[in-house]
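Novice: Here are the chains, one letter per residue:
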Amino acid sequence: MTTAIHAEGLCKRFGDTQALRGVSLDVEPGTVLGLLGPNGAGKTTVVRILSTLLHADAGTATVGGFDVHTQAHQVRQRIGLTGQYASVDERLTGRENLILIGRLLGLPHRTARERADALLTQFQLEHAAARAAQTYSGGMRRRLDLAASLVGQPQILFLDEPTTGLDPRARLELWGLIRRLVAEGTTVLLTTQYLEEADQLADEIVVIDGGRVIASGTADALKARIGARTLVAGAAQEADVGGIAAAIGHVTGEAPEVDGLRISAPARDADMLPALVRALDRDGLAVNELMLRSASLDDVFLALTGHHADTGDDAQAAPGEHP
Amino acid sequence: MSRPGLLRGLQQTASLAWRTLLQLRHNPWELGDFSIQPVLFLLLFLYVFGGAIAGSTSDYLTFILPGVIVMNMAFVTVYVGHGLNTDLTKGFFDRLRALPIAPWAPLAGRILADLVKQAWSIVLLLAIGFLLGFRLGTSVGGLFAMAALVLVFALALSWVMVLVGVIARDPEHVQLFGFTALFPVTFVSNVFVPVETMPGWLQVIVIANPISQLSDASRGLIVGGPVLEPALWAVAWSVAITAVFAPLSVWALRRRIMNG
Ligand SMILES: Nc1ncnc2c1ncn2[C@@H]1O[C@H](COP(=O)(O)OP(=O)(O)OP(=O)(O)O)[C@@H](O)[C@H]1O
Ligand SMILES: [Mg+2]
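Protein chains in written order, with my numbering: chain A, 1 to 323; chain B, 1001 to 1260.
No wet-lab data here; the hints were simulated from the structure.
Don't take each hint at face value.
Selected chain A positions facing chain B (in silico; Cβ < 8 Å) [to be verified]: (1) 53; (2) 77; (3) 87; (4) 90.
Among chain B residues calculated to face chain A with C-beta under 10 Å, some are [unchecked claim]: (5) 1100; (6) 1105; (7) 1257.
C-beta: ideal position from N, C-alpha, C; glycine also.
Next comes chain A alone, as it looks inside the complex (with noise of 0.2 Å):
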């Protein structure tokens, strides 16, 4: 076995929506791959036909080894997946719901009730565990649900959007979470509407957009391909405007885009914040916002497609949410 997960040509449709057309991915044994893409991209529905929940209508995916399609339950027995909404018990406690997880997984009695504990120490839920899921907050109810996915010790983990909607702190701690998982092996398939968390996890990633992959290629590399940073000035005022441009674009070399009082220019060294700042006092220019702002994955999309990732109101959605 080279790979962990093999996909090749995946295409999906419902109705009217070709969902996916054509999807090819490899995830090398102990890696992390980050399946990035805008709303309706089509990254749940990779990871619903890898983790055998969908069947594609064309293509081929192996996940250890293993067919998706005819040797689905000998992939199911490898695999552990959480979905992008939580899919936990809310009527039952956070430790019942680990217990039936590991029973269903034919540990005895004793080892579930270990094993819960365990993760439940792991995941900081242990003052929690005698509650019912559905007082848990957003981001307790989405650690459940990563712990409920970890139960079976999985080689393979697939997280869709694992930590939309967790405030930063919790992201972090997620982030460690998932880098002593890969540390001990684990194989991980994450998908994320942001650059920088795959470019904090993920060993490659893979741009998805309209159900196709774009780009593909380790993080630096696709970020030299598109501007690191974003160098951005909020000029004080109006008759600033043209000479903070001005100086923005002497330093970065590249044209300033102007938006009303604010100025922005992808900046591919981190040098050039100092650089800027003593241009603007030596012409005596005021700014009151001045920043050298990551990638986003408007960026992303911008330089690789020449278009605005279109992503709708339900950016906004609240996860968890949702049905």
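Chain A is already provided as a structure; the job is to place chain B with the ligands on it using the hints.
Specialist: Coordinates of chain B with the ligands only, in the frame set by chain A:
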């Protein structure tokens, strides 16, 4: 294919049934849902209509108790559809499907848990009946046979509710469809009044109604009277309903889950 064997599948079914019953422990009001309602029905009909329909409440109790047990059984089957739909819409069903378990275990667990609820309702209604003065006209064997017959029919009707649970958009709609369909079916029967009191055209419908056949068989088994014919009809109906709705429901479920 190393699919789990029958024994493992049955263990998984038991675990999932246990889970459904555990939900009840955390939400005792739900136990009230299917305990209070039938008892209320029994008391209301008994004391409000008993005098008018049968002359005395004690005669009416003898007539109505088996009928109310049957009627309540029908309503309790809605919980199969409701629970299944909740699992489907909340994503828990997907979590189960991604586990290496017997593919039929989630559904079987649901139905098994429902049979436990059914058994509880039957025991409860009988207990209240005896408290109110119901006397067994046959034997304890008759009592068990009645319970078994009602459970067999419940199993058949569960398949209809599985279909409703698969088709409905959300759990509220399951209840809406389920109860709306069951009200006429249970009321246009001989549950509350003997069929002889109805106009001729209605008698035809009422006698054809499986709920009437099951009520008659239940009366025969715990009060006394003809048993064989209505019991055979009830079993025949159970077989027919299962034969039609089990494959249809499984097909619909497959379709729903495999298309997203
Ligand atoms: N069950 C379904 N029925 C109909 N259309 C669907 C279904 N599931 C997905 N789609 C459509 O397929 C496309 C891809 O959806 P998918 O959920 O895979 O996107 P995604 O990348 O996960 O998006 P998001 O970031 O919003 O989660 C979308 O246009 C979506 O509307
Ligand atoms: Mg998604």
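Novice: Where does the structure disagree with the numbered hints, that is, which hint numbers, in rising order?
Specialist: none
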